[in-house]
Structures are given as structure tokens and as C-alpha cells.
Amino acid sequence: MSDTALPRPPQATFLGGAVLVSSVMILLLAFDRTSSLGSIEAQEEAQRFVDTQGSWIGLTADGWQTTLRILCIVAAALSVVTGYLGWRVLQRDRGARLALSVLAPIALLAGYAVTALLPGVLAVSVLLLWRSPTREWFDGKVAPVPDRRPGRTAQQPPAAPSSPPAPPAAPEAPARAAAIASYAPPPQAAWPHPYQPAPAARAARPGVVTGAAIVTVVSSAIVLSVLSVVLLFVLGDRSAFEKEVADELASQPAYGDVEASSVTGVLIGAVVLCVVWSLAAIALAVLTVRGSNGARIALVVSAIGAALVSLVAVLAVFPVVVTCACIAVAVLLLRGDAAAWFAGRKQP
Numbered sequence: 001m002s003d004t005a006l007p008r009p010p011q012a013t014f015l016g017g018a019v020l021v022s023s024v025m026i027l028l029l030a031f032d033r034t035s036s037l038g039s040i041e042a043q044e045e046a047q048r049f050v051d052t053q054g055s056w057i058g059l060t061a062d063g064w065q066t067t068l069r070i071l072c073i074v075a076a077a078l079s080v081v082t083g084y085l086g087w088r089v090l091q092r093d094r095g096a097r098l099a100l101s102v103l104a105p106i107a108l109l110a111g112y113a114v115t116a117l118l119p120g121v122l123a124v125s126v127l128l129l130w131r132s133p134t135r136e137w138f139d140g141k142v143a144p145v146p147d148r149r150p151g152r153t154a155q156q157p158p159a160a161p162s163s164p165p166a167p168p169a170a171p172e173a174p175a176r177a178a179a180i181a182s183y184a185p186p187p188q189a190a191w192p193h194p195y196q197p198a199p200a201a202r203a204a205r206p207g208v209v210t211g212a213a214i215v216t217v218v219s220s221a222i223v224l225s226v227l228s229v230v231l232l233f234v235l236g237d238r239s240a241f242e243k244e245v246a247d248e249l250a251s252q253p254a255y256g257d258v259e260a261s262s263v264t265g266v267l268i269g270a271v272v273l274c275v276v277w278s279l280a281a282i283a284l285a286v287l288t289v290r291g292s293n294g295a296r297i298a299l300v301v302s303a304i305g306a307a308l309v310s311l312v313a314v315l316a317v318f319p320v321v322v323t324c325a326c327i328a329v330a331v332l333l334l335r336g337d338a339a340a341w342f343a344g345r346k347q348p
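So that you can map any letter, position 275 of the sequence shown is 275 in full-length UniProt numbering, and since no number is skipped, the others follow by simple counting.
No wet-lab data here; the hints were simulated from the structure. Because the structure is a prediction, the values reported are computed rather than measured. Just so you know, not all the hints are guaranteed correct.
Here are the computed distance ranges between Cβ atoms for each label pair [claimed, not checked]:
#: 1; residue 1: G38; residue 2: V266; range: 39 to 45 angstroms
#: 2; residue 1: A240; residue 2: D51; range: 38 to 44 angstroms
#: 3; residue 1: L287; residue 2: D247; range: 42 to 48 angstroms
#: 4; residue 1: V229; residue 2: V21; range: 41 to 47 angstroms
Glycine included, C-beta positions come from ideal geometry on N, C-alpha and C.
Can you build the whole structure from these sequences, using the hints too?
Structural data, given as C-alpha cells:
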């Protein structure tokens, strides 16, 4: 966010307000939708959906309600983030606009589990943030004002009146001209110059940036340690682990056709992906502390994505801690003082 004060266009105010209001409405409707799941009406609706559209993938009514509950939780969490980002958009935060653009497709898909209209309003509003004159406002420019007169595209200032020609200079005396020609200024040091301002001191790194990096490194290191233990446990005796998975699948009639080896392979792939993700988050935290604005935006997107992934197991204690840590990192890095510090480092 730039320190330059520019008047906010009405389009930017409307779009930022639309993102904020639609996020609040989705949050309220998500809570209402979650509380209604499990009722007789919701079970009948889920059964009708399974009979018409979900039978070809082997989905049951209880499984569909569980999927809806997860989508409602994800939509509620996303609405909190998008609401905050919508408020930051009104402050001309370019990072918030970029984060909204990344989250808009996910919010659109998850929001359809809650309502059909508001997620579309949010996605369209985010898309229009990249159009003129809002785009020029974010770039720190003033959009050209159209002129009503034909043949002109912008208001042109009137030409300044031409000044009369200066009178010719009087010839100088020969002695004075020779003195001026032989004059040499005394040598001066290159610095400091009495009329040259001193270079501005670089602003100190805000504590919120350091705090976000510490939270990222600590939480990623904990997740990395836990997942490494899980990976070693599975790979240490894979046959025994597959036997336990097969016994568990056999006790569930709905998953009788699922093979234990496939479940084990998916689990190993997911653990390896999360390990790589944790290492990348630590690297982004280091680059963020060093002042990379691109790393800051990437770390915000990574934190929001990790929070959404951890919400799948929201009933457990450890994923909830990871979710809170990820949300804290995203909020700290999107604060105004952090954005101003990163913007100041771009200036020479």
C-alpha cells in the first residue's frame, strides 16, 4: 500500500464494499446451513440428491451431508479472510487484491454449498478490481477524465501566455570578463553538500513481519516433525499398516471395494506433499524477513491454503492449532504497517 493519498474511485468503494458485505452474509448463512444439517428435511434432501446425482460415485446420504458440512466450514473460514481482505482493498492494499484473486475461485466453489448468489457476487467483484479506473487507483495513478467535447479524449490545460523576449545583455568590460573566465571554484568534498539532503534511513522491520515469520517457522517445523514420524512409521512396516487399513475397511460396508494398498499410497503421497509444503513455507518465511514482497504474498496464500486443508480434520486438536497459526500469519502479513514496510523497500 502506497503512502500517496489518492481519491478513491466510486467503483473501488462499491467493489470493496461488495466483497465485504457478501463475505459477512456467506459467514452467517454458513452457520445457519451447518446447524440445519442432520435434520429430517436435510436428510430427505440429501437422499434425493444421492438418488439422482450421487449414485454413480457411490455416495451415501450421510456422506453427502458430511461433505456439505466440510464445505460450509471452509466457506465460513474463507468468508472471514475475504471480508478482511475486502476491508484492506478499501485501503488500497495491492497485496490484498492479489490474495483475493487467488482465493476467489476456492470461495466460489465452497460457497455454492451455502448459497448460489453471493459467491458469484464476490467472484465478479474481485474480477472487476482489475479494471479501470480501480486498476489505476491501485497503481497510484489518476485515471484520465473524459472530455464531453467532440474530438477530445481528456481535459487539456490552457496554454500559458508567451512571455515577451528578454532584452539583449549589455557587453561586459574586458577586465571583468577576464576575471570571470579565470575564476575557479574551490574544491569541495563530494559529501556532505550543504544543499544536498542526506539519504533517508531505511525503516526498521515491523514486529508483525518478524512475528509472522517466527510463527511460520515454528508451526512448519512441528508439522514437519510429526509428518516425518508418520512417514517413517508407515514405510517401516508397510505390510502391517496395510493389514490394519484392510481390517478397518472391512468393518465399513460402504468401503468394501476400496483396496488397502491404494489408501496407503494416497496417504504416503499426501504426507510427502505436506513435508515439501512445510519446507517451502520455512523458505518463504526467511525470504519475507529479508524484505521480499513476492515471498510475503506467496506466504499469505500458503498460510490460507494450509488453514483450509487443516479444517478437514477440524474436530482434532492439532489441526485446529495449525489453522489458528496459519490465520495469524496471514493477518499479520496483511497489516498496513507490514505492507508499508515492503512498499518502502522497493524505493531506491
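Taking the CB of L287 and the CB of D247, does the distance hold inside 42 to 48 angstroms? Roughly 46 angstroms apart at Cβ, these two residues keep to the hinted range, so it holds.
Hint check for V266 and G38 - Cβ pair distance inside 39 to 45 angstroms: Cβ of G38 to Cβ of V266: about 28 angstroms, so the range 39 to 45 angstroms is violated.
Do the beta carbons of A240 and D51 sit within 38 to 44 angstroms of each other? 40 angstroms, holds
Would you say the C-beta atoms of V229 and V21 sit inside 41 to 47 angstroms of each other? 45 angstroms Cβ-Cβ, so the 41 to 47 angstroms window holds.
The structure fails to meet hint 1 from the earlier list, while all remaining hints are met.
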